[in-house]
Amino acid sequence: GAVVSQHPSWVICKSGTSVKIECRSLDFQATTMFWYRQFPKQSLMLMATSNEGSKATYEQGVEKDKFLINHASLTLSTLTVTSAHPEDSSFYICSAPTSGSGTDTQYFGPGTRLTVL
Amino acid sequence: AQSVTQPDIHITVSEGASLELRCNYSYGATPYLFWYVQSPGQGLQLLLKYFSGDTLVQGIKGFEAEFKRSQSSFNLRKPSVHWSDAAEYFCAVDVTGGGNKLTFGTGTQLKVEL
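Residue numbers (this note's numbering), protein chains in the order written: chain A, 1 to 117; chain B, 1 to 114.
Please keep in mind that the hints were generated in silico from the structure rather than gathered at the bench.
Hints are not guaranteed to be accurate.
[Stated by the list, open to error] Here's a subset of chain A near chain B, in silico, CB distances under 8 Å, partners left out:
1. Val4
2. Thr32
3. Pro97
Idealized CB from N, CA, C, for every residue including glycine.
Bound conformation, chain A alone (with noise of 0.2 Å):
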């Protein structure tokens, strides 16, 4: 099946500072990749809709000026939590579709772990 990866899959940083998360599609391309985050314990919540070689999509409630989402390629797409603070520390998945059966299949990477300090 279709491979989607992350890196880094753990990282820590102190309050203030800014960290940047790569989502690659490995053997397929991509035009959308969404990203989630994940809190302790907690379901994935659906964060943004990243759009190739245009504007992300933020869900209510997101910050886009927070976490920038840059689609610079149909293979990359790149989540930066600017400004970390320790409430920003989760478990950040991103995720990429191919086409199949009529609809999307959903391709998740493994996950970033974000600890701010």
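Following the hints, put chain B in place on chain A, whose structure we already have.
Then chain B, alone, in the frame of chain A:
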């Protein structure tokens, strides 16, 4: 807005025993329905999905799920659980029709006793 409920946070079964994980959704029409499994260090993997047609859906790894419109449910089942099935299981729905914008339940952590 749509919502997904997985009432069981943790479930423990013995290896070889049958398994049923519950999922209920709240939405006016029939959404697209999915079950994913999440293992540590790995991305969520799709087990099966339902869009229309036969309400009993077969998936990978011996899993199946049955859509029951009258109960707004999409429960996941497996006749005989293997120790390797221990993981977190998420039910998800998509009401947009494209299979992209997923709303997830809170997950059920499955433990398998040998």
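Would you check whether Thr32 of chain A satisfies its interface hint, that is, whether its CB is within less than 8 Å of any CB in chain B?
holds, 7 Å
When the least beta-carbon distance from Val4 of chain A to chain B is tested against 8 Å, hint result
This interface hint holds because 6 Å falls under the 8 Å limit.
Taking the least C-beta to C-beta distance, is Pro97 of chain A closer than 8 Å to chain B?
holds, 6 Å
Of the hints listed earlier, there is not a single one the structure fails to meet.
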